[in-house]
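*Asks:* Residue numbers (this note's numbering), protein chains in the order written: chain A, 32 to 406; chain B, 24 to 505.
Quick caveat, the hints were computed from the structure, so don't treat them as lab data. Incorrect hints may appear among the rest.
Stated by the list, open to error - Simulated restraints, written as ranges between beta carbons of each label pair: (1) B:Glu-158 <-> A:Ala-104: 44 to 52 angstroms; (2) B:Ala-276 <-> A:Gly-122: 29 to 37 angstroms; (3) B:Ala-318 <-> A:Gly-165: 52 to 60 angstroms; (4) A:Thr-82 <-> B:Glu-25: 37 to 45 angstroms.
To be verified - If we take Cβ atoms under 8 angstroms as the criterion, some of the chain A residues that face chain B in the derived model are: (5) Asp-153; (6) Lys-169; (7) Gln-207; (8) Gly-233; (9) Pro-312.
The structure displayed is predicted, hence computed values, not measured ones. Beta carbons are placed, not taken as given, at the ideal position from N, Cα and C, and that holds for glycine.
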Amino acid sequence: MARKSDMVASEADLAAAVHAATGPLSVQGGGTRGVQVAGDVLDVSGLSGITLYEPGALTMVAQAGTAVAEIEAALAEHNQRLAFEPMDHRGLLSRRGAPTIGGVFAANVSGPRRIAVGAARDFLLGVRFVDGQGQIIKNGGRVMKNVTGYDLVKVMAGSFGTLGVLSEVSLKVLPQPETEATLIIEGLSDTAAVGALSRAMGSPFEVTGAAHDPQAGQTLLRVEGFDASVTYRIAQLRDVIGTGDLAVLGAEDSRARWIALRDVSAFHGVEGDVWRVSCKPSDGPALAAKAGAAAYQFDWAGGLVWLRMASGTDLRARLGAFDGHATLVRSAPHTQAELGMFHPEAPGVAKLSAALRARFDPRGIFNAGLMDARS
Amino acid sequence: MEMPVPSAAVLSRKARVVAALQEVLPSDAVIHDTRETRAYECDALTAYRCPPMVAVLPTTTQEVSDVLRICHAMDVPVVPRGSGTSLAGGALPTADCVILGVARMNDVIETDYENRIIRVQTGRTNLSVTGAVEEDGFFYAPDPSSQLACAIAGNIAMNSGGAHCLKYGVTTNNLMGVTMVMMDGAVVEIGGGHLDAGGLDLLGLICGSEGQLGIVTEATLRILPKPEGARPVLMGFDDNEVAGACVSDIIKAGVLPVAIEFMDRPCIEATEAFAKAGYPMCEALLIVEVEGSDAEIDHQLSLIKEIAQRHNPVELRESTSAEESAKIWLGRKSAFGAMGQINDYMCLDGTIPVSSLPMVLRRIGEMSQEYGLKVGNVFHAGDGNMHPLILFDANKPGDLELCEAFGADILRLCVEVGGCLTGEHGVGIEKRDLMDVQYAPADLDAQMAVKDVFDPAWLLNPAKVFPLHVSQSRREAARVAA
Numbered sequence: 032m033a034r035k036s037d038m039v040a041s042e043a044d045l046a047a048a049v050h051a052a053t054g055p056l057s058v059q060g061g062g063t064r065g066v067q068v069a070g071d072v073l074d075v076s077g078l079s080g081i082t083l084y085e086p087g088a089l090t091m092v093a094q095a096g097t098a099v100a101e102i103e104a105a106l107a108e109h110n111q112r113l114a115f116e117p118m119d120h121r122g123l124l125s126r127r128g129a130p131t132i133g134g135v136f137a138a139n140v141s142g143p144r145r146i147a148v149g150a151a152r153d154f155l156l157g158v159r160f161v162d163g164q165g166q167i168i169k170n171g172g173r174v175m176k177n178v179t180g181y182d183l184v185k186v187m188a189g190s191f192g193t194l195g196v197l198s199e200v201s202l203k204v205l206p207q208p209e210t211e212a213t214l215i216i217e218g219l220s221d222t223a224a225v226g227a228l229s230r231a232m233g234s235p236f237e238v239t240g241a242a243h244d245p246q247a248g249q250t251l252l253r254v255e256g257f258d259a260s261v262t263y264r265i266a267q268l269r270d271v272i273g274t275g276d277l278a279v280l281g282a283e284d285s286r287a288r289w290i291a292l293r294d295v296s297a298f299h300g301v302e303g304d305v306w307r308v309s310c311k312p313s314d315g316p317a318l319a320a321k322a323g324a325a326a327y328q329f330d331w332a333g334g335l336v337w338l339r340m341a342s343g344t345d346l347r348a349r350l351g352a353f354d355g356h357a358t359l360v361r362s363a364p365h366t367q368a369e370l371g372m373f374h375p376e377a378p379g380v381a382k383l384s385a386a387l388r389a390r391f392d393p394r395g396i397f398n399a400g401l402m403d404a405r406s
Numbered sequence: 024m025e026m027p028v029p030s031a032a033v034l035s036r037k038a039r040v041v042a043a044l045q046e047v048l049p050s051d052a053v054i055h056d057t058r059e060t061r062a063y064e065c066d067a068l069t070a071y072r073c074p075p076m077v078a079v080l081p082t083t084t085q086e087v088s089d090v091l092r093i094c095h096a097m098d099v100p101v102v103p104r105g106s107g108t109s110l111a112g113g114a115l116p117t118a119d120c121v122i123l124g125v126a127r128m129n130d131v132i133e134t135d136y137e138n139r140i141i142r143v144q145t146g147r148t149n150l151s152v153t154g155a156v157e158e159d160g161f162f163y164a165p166d167p168s169s170q171l172a173c174a175i176a177g178n179i180a181m182n183s184g185g186a187h188c189l190k191y192g193v194t195t196n197n198l199m200g201v202t203m204v205m206m207d208g209a210v211v212e213i214g215g216g217h218l219d220a221g222g223l224d225l226l227g228l229i230c231g232s233e234g235q236l237g238i239v240t241e242a243t244l245r246i247l248p249k250p251e252g253a254r255p256v257l258m259g260f261d262d263n264e265v266a267g268a269c270v271s272d273i274i275k276a277g278v279l280p281v282a283i284e285f286m287d288r289p290c291i292e293a294t295e296a297f298a299k300a301g302y303p304m305c306e307a308l309l310i311v312e313v314e315g316s317d318a319e320i321d322h323q324l325s326l327i328k329e330i331a332q333r334h335n336p337v338e339l340r341e342s343t344s345a346e347e348s349a350k351i352w353l354g355r356k357s358a359f360g361a362m363g364q365i366n367d368y369m370c371l372d373g374t375i376p377v378s379s380l381p382m383v384l385r386r387i388g389e390m391s392q393e394y395g396l397k398v399g400n401v402f403h404a405g406d407g408n409m410h411p412l413i414l415f416d417a418n419k420p421g422d423l424e425l426c427e428a429f430g431a432d433i434l435r436l437c438v439e440v441g442g443c444l445t446g447e448h449g450v451g452i453e454k455r456d457l458m459d460v461q462y463a464p465a466d467l468d469a470q471m472a473v474k475d476v477f478d479p480a481w482l483l484n485p486a487k488v489f490p491l492h493v494s495q496s497r498r499e500a501a502r503v504a505a
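Please work from the sequences and hints to get the whole structure.
*Replies:* This is the structure we're talking about:
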C-alpha cells in the first residue's frame, strides 16, 4: 500500500519530485476517489488556490490541489456553478479528505446533469501537468473555443494521473439557474421508466436530470431555470409522460434529492461491491436484469447504472459484451487487484492506450497498473 | 508557405501505387491523370495549391483500410479530405501524396431517437445530418458557417464550432464514437452509444487532430430535440468597450443565450452596403439570441433589454416574429460575402478572453493603419472567438504576404492576451508556423508524441499543424525506418 511522502507546494516542486522519484508514485489530491495503488504518495493538495476567475467570461483557473468546496464557494458568490455536477465519493467509499478540483478532472467525475450539459471533460479548457520525466507541459488554454494543436486536455481528463500529474486546470463554469423542480412518476417498471426518461429527454423542455430509483419506485425528471420557465416545463413534461401517478418536488427538496442520487447515498454504509455501468440508455434495464445485483439505480436517462453486488462478483463476466463499460468503484483491495477497476479495452484500443502511457510516463511510475489492460 | 520537398522516390513509384490502388478500388475511384488530380489541388485556403500524385474516393471502411495499408506499405503520404472547405489548408496536398476523399461515404447508418444518437458515414455534410432528423424534431448542434458543404469528417478533424457553441458546445462535445482506420490499415472502434470513455479518452484526442492520427470513416453523433422557438434582439452601441461590458453583464446576470454575435463598424458598413439589413451605423452591433417557448423567450429578452438599456444603446430592436428574426440575422450571415464584394479577404480565427475585447479591437485598428490594410471584425462574443476579415488584393504583388504578416500579428496578440491562435478552423498550414508562439518546445513535443503513437511512420497529413523545423527530425527518422 501507499506510503506517505512530502507534500509538494509548487509546480516546480512537483516537477522536481517526479524527476527525483525512484519508484512508483500514488498520485493523490484529496484521496477521495478510491484509487488503490502501491508506491509513495505524491500529495498535490498543497498546490492550492484560484488564480483567475472571470464571471463575465464564464472561466476560472485554479491550482489542481484547490478544494472543490473552495471553488464552489467562489462560484456561488457570483451565482455560478460547476454545471457537470461532480459527485462526492466520500460517503460511498467511506473516505475523509477534501476532494480537489484536479481529482475531479483526473477522474472525469460528473453527476446527473452530465446527460444534459456534458461531463467534467467537456468543461475542462486547459491544463498544466508534469509528465513522467518531470517535464512541465501545457495544453489548451482559458478560452472556450480552442483548436490549436491536439486536444491533450481531453485525454488528461479521466486519465487518473497515469499520463501526468495535473498542476493547474482552466475550466468553464455556468450560471446558477434561478430555481429548479423535479417531476416524480411513481411505480414504473425499469423498462417503462427508461422509456419515459427517453421521451422526456427527446422533448424540448430541457430536462437536466433523468433518473430512476427502482427501490423507491420513483422515476425523476429535473428542470432548472427561471421560475416561470420551470413551472411551464414541468406542466409540459406532465403531458409528455401522459397519465400516471405524478408528484412535484419544489426547489429545496429537489436539490436534496439530486445530491442523494448524485452521491448514490442508497449504497452508503451498506455492504457489497459498487459498480458503475456506462451504457446506451435503452440497454440499461436489460443489463441491470442480467447483473443480479442486490440493489441498483439508473441515472443519465438509463445510460448510467449504479449496482451494489455481492463482494467479489465479476459483473463484467455476467454482462458479457455490450456497448459501454463497467467500472469497479468500491471493493476490497484484493477484488480490485483481481478484476481491475477499469473495463478491459478492445485489443486495438488497449494497444494505443498502453503506448500513450509509455510515451508520457516511460518509467511507468504514475498510479502503476491502475489502468493497464488485463486479459 | 513552405512545404516539404516531394519525395522523388515516391513520385517514381506512381505507376505501381496507382496499379495497387486500382486492385482494391473501382476504376472511377482512383484519379491519377494530371488533368483530373488538379481538382484536388486546394481547399478553401485557395492561396496555396498543389495537385496530389493521386486522389482516391473510397465508399467503405474496408476500402479506406485497403488504401491505407497499400500507402503504408509503399511509404506514400496520405492527406485526408472531407469536402475541402478548410480555411486553414488542412486538406492541402503535397505533390507526392494520395488524397483520400470521403465524399462518397455519405450514408446514414442508424438513427436512434430513443438514445438521441445518429450514426453516419463521415463524408456526409454537416447540414444533411440535421436534414436526416429534423422532420422528427431533432437537430445536430454544431453549425459551422460552411455547414451546407462541409463534411462531418472535416468537422471531427478540426473540432469545428459555429455560432451556437455557447449553449451546445463544439464537435468534441457532440461526438460519441468513431470508426477509425489507422495508417497501417487497422480498424479501431472508439466510443459508441454510451457516455464517456471506459479508459483513456482517445475520442477526445482524435477530435481536432486534423487527420493526423487516423481516418474517421463513421461517427456516432449526439442529436438534440429542437427548441420550441428562438428569437434574437439586435443592439447597437457607440463604443466597443460598452458593447463588451454589455455582453459580460448579460452573462453575469445568469441568462445563457444560445448565441451572442458581435460586428464592428467596418463590418457593419460593408454588410449594409451589400445586404441592406437595416443595421444602425454605429461602432458595435450585438445580436443576442435566446431559445424556448414564446413566453420564455419574452422573459429572457426583457432581461437582456433591461441590461442593454443600462449601457445606452443607440438601437435596441427585439424580434417578435420569424420575419424580423431573419432580417436581424441577414446582415450577420452576409458578412463574409459582403467583405468579399469589396476585395479578397483572409479570415482569421483567434480566440481571446472576452474581457480583452476592447483592447484587442483597438490594437487591430492601429495595426490596420500601420499595414495599410482594412479589416472588419465578426466575433462570437459569448465565447471569445474572433473572425477578423483582412481585405487585400490577390492580384497586387506582395499584398498576400502583407496580409499574412498582419494576420500573424493579430494572432500573436490573441495569444499575448491569454487566448489562442485558432478557435474553430484548425491549424493546418495557415497557423502552423505560429504554433511556437503559443506552445513551448516541450508542449509541442508532447503533442507529437501522440502522433508517434498513432502514426509512427508520420505518413498521415505530415506537413501540417507542427512547424516543419519542429517535426523534421521525426519525419526524417520515419523515412529512414521505412
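*Asks:* Indicate, hint by hint, whether the structure satisfies it.
*Replies:* Hint check:
1. B:Glu-158 <-> A:Ala-104: 44 to 52 angstroms: holds (47 angstroms)
2. B:Ala-276 <-> A:Gly-122: 29 to 37 angstroms: Holds, since Ala-276 (chain B) and Gly-122 (chain A) (Cβ atoms, about 35 angstroms apart) stay within the stated range.
3. B:Ala-318 <-> A:Gly-165: 52 to 60 angstroms: Cβ of Ala-318 (chain B) to Cβ of Gly-165 (chain A): about 58 angstroms, so the range 52 to 60 angstroms holds.
4. A:Thr-82 <-> B:Glu-25: 37 to 45 angstroms: For Glu-25 (chain B) against Thr-82 (chain A), whose Cβ atoms are near 38 angstroms apart, the range 37 to 45 angstroms holds.
5. Asp-153: holds (5 angstroms)
6. Lys-169: holds (5 angstroms)
7. Gln-207: holds (7 angstroms)
8. Gly-233: holds (5 angstroms)
9. Pro-312: holds (5 angstroms)
Violated hints are absent here; each numbered hint is respected by the structure.
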